[in-house]
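Heads up, the sequence shown is in full-length UniProt numbering, so the first residue is 1 and it goes up one at a time.
Everything labelled a hint here was simulated from the structure, so no lab data went into it.
Here the structure is a predicted model, which means the values were calculated and not measured.
Heads up, some of the hints might be wrong.
Computed beta-carbon distance windows for the label pairs [to be verified]:
hint, residue 1, residue 2, range
1, E238, F324, 19 to 25 Å
2, K366, V29, 33 to 39 Å
3, E355, F324, 43 to 49 Å
4, L314, E65, 53 to 59 Å
Simulated pairs of lysine to any residue, SDA-like, Cα-Cα distance not exceeding 20 Å [what the hints assert, rightly or not]:
hint, residue 1, residue 2
5, K257, G297
6, K217, I207
7, K228, T210
8, K38, T182
9, K200, Q61
10, K304, A237
11, K200, L345
12, K328, L338
C-beta: ideal position from N, C-alpha, C; glycine also.
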Amino acid sequence: MEGRGPYRIYDPGGSVPSGEASTAFERLVKENSRLKEKMQGIKMLGELLEESQMEATRLRQKAEELVKDNELLPPPSPSLGSFDPLAELTGKDSNVTASPTAPACPSDKPAPVQKPPSSGTSSEFEVVTPEEQNSPESSSHANAMALGPLPHEDGNLMLHLQRLETTLSVCAEEPDHGQLFTHLGRMALEFNRLASKVHKNEQRTSILQTLCEQLRKENEALKAKLDKGLEQRDQAAERLREENLELKKLLMSNGNKEGASGRPGSPKMEGTGKKAVAGQQQASVTASKVPEVVALGAAEKKVKMLEQQRSELLEVNKQWDQHFRSMKQQYEQKITELRQKLADLQKQVTDLEAEREQKQRDFDRKLLLAKSKIEMEEASVTAGPCR
Numbered sequence: 001m002e003g004r005g006p007y008r009i010y011d012p013g014g015s016v017p018s019g020e021a022s023t024a025f026e027r028l029v030k031e032n033s034r035l036k037e038k039m040q041g042i043k044m045l046g047e048l049l050e051e052s053q054m055e056a057t058r059l060r061q062k063a064e065e066l067v068k069d070n071e072l073l074p075p076p077s078p079s080l081g082s083f084d085p086l087a088e089l090t091g092k093d094s095n096v097t098a099s100p101t102a103p104a105c106p107s108d109k110p111a112p113v114q115k116p117p118s119s120g121t122s123s124e125f126e127v128v129t130p131e132e133q134n135s136p137e138s139s140s141h142a143n144a145m146a147l148g149p150l151p152h153e154d155g156n157l158m159l160h161l162q163r164l165e166t167t168l169s170v171c172a173e174e175p176d177h178g179q180l181f182t183h184l185g186r187m188a189l190e191f192n193r194l195a196s197k198v199h200k201n202e203q204r205t206s207i208l209q210t211l212c213e214q215l216r217k218e219n220e221a222l223k224a225k226l227d228k229g230l231e232q233r234d235q236a237a238e239r240l241r242e243e244n245l246e247l248k249k250l251l252m253s254n255g256n257k258e259g260a261s262g263r264p265g266s267p268k269m270e271g272t273g274k275k276a277v278a279g280q281q282q283a284s285v286t287a288s289k290v291p292e293v294v295a296l297g298a299a300e301k302k303v304k305m306l307e308q309q310r311s312e313l314l315e316v317n318k319q320w321d322q323h324f325r326s327m328k329q330q331y332e333q334k335i336t337e338l339r340q341k342l343a344d345l346q347k348q349v350t351d352l353e354a355e356r357e358q359k360q361r362d363f364d365r366k367l368l369l370a371k372s373k374i375e376m377e378e379a380s381v382t383a384g385p386c387r
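Start from the sequences, fold in the hints, and give me the full structure.
Printed below as a string of structure tokens:
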């Protein structure tokens, strides 16, 4: 029998006709080839499952690093206390941004148990109940409650990671190898969405870091300008105070001289001697009053000049203060407009993502229905000849 061909079968003379035997043999050969192809596909699926598990672990680590980077962003400086929108721009306001992804948990429900992180091997999967598998909202809610209040984008990332873990666990527990292609298609879609989310998060983080750096530089420039103006004003005030003290001393010395010169001297001579002394005293008083009047006129001119300088300095200070307040108001208005624009853009992005996810779910559902219909037709076609 060995040298007569590979398909020669020994027939001891049973009751099966040769035509039926040949068709059964051909069917067995086709079944064998199909089983070989399925075995190769299952092997490839195992390798792809390994790679997808490693990719999911890597993306999880990347998402955690992005969350840490967002938490480690530098806080706003104390001088920008009135420019509070920096906290909202960097996503630190968890009361506003975390409300869509982490709703308030009722008090009658038990606290969720935190799940240990996956080690990245193909033999370790997470067991998911059918209720958790059918309700991604409950899984995302439990994840958000376990990790605390997260920003909106981080909640989306954790939701995608939860979906990937659910798909991996379903793949691990799926007894039908024909459904693995469907699960792997879902995993590929989830990987694509997760990669786009991570890329958008990286871009947004870089933009926010650049914006924070620009705001910090502008704050430092405003602080330097304000310190310089205050220093100049203090120097001018100190100079005016010193000049006022000098003028007071000069006026006091002039008053003392006038008092000393105006005192009546004791008469030591009588008769005509008194008249001569009185005439000499009057002449000396008039002679001493002339330089005093000149000094007083110079002092008054100096006081007027200092008063004029003081009024000019106050006017310049007032103008600078008005300019600073107008700049501050324009800056606050600009930040408010940017915040409004950012909120509108985030709302548009959220709406577009929700619409795209809805379309993708509809497409996946139609694809699954078509695939199940094709499988049912193939099963009916294969079951027909057997009958």
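These are the hints, each one checked on the structure:
1. For E238 and F324, the Cβ-Cβ distance of about 22 Å falls inside the hinted range of 19 to 25 Å, so the restraint holds.
2. Under the hint 33 to 39 Å, the C-beta atoms of K366 and V29, about 35 Å apart, fit the expected range.
3. The supplied range of 43 to 49 Å is met by E355 and F324, whose beta-carbon atoms lie about 47 Å from each other.
4. Against the hinted window of 53 to 59 Å, the Cβ-Cβ separation of L314 and E65 comes to about 56 Å, which satisfies the hint.
5. Taking the CA atoms of K257 and G297, the gap is near 16 Å; set against the 20 Å cutoff, the hint holds.
6. The suggested pairing of K217 with I207 holds, with an alpha-carbon distance near 15 Å, which does not exceed 20 Å.
7. Between K228 and T210 the CA atoms are separated by roughly 27 Å; this puts the pair beyond 20 Å, and the hint is violated.
8. Among the hinted pairs, K38 with T182 is consistent with the structure: their alpha-carbon atoms are about 15 Å apart, no more than 20 Å.
9. At most 20 Å may separate the alpha-carbon atoms for a hinted pair to count; K200 and Q61 meet this at roughly 16 Å.
10. For the given pair, K304 sits about 16 Å from A237 by alpha-carbon distance, which is consistent with the 20 Å threshold.
11. With a C-alpha separation of about 13 Å, the suggested pair K200 and L345 falls inside the 20 Å cut-off, and the hint holds.
12. As the CA atoms of K328 and L338 are separated by approximately 15 Å, the hinted pair is consistent with the 20 Å bound.
Hint violations for this structure: number 7 only, all remaining hints satisfied.
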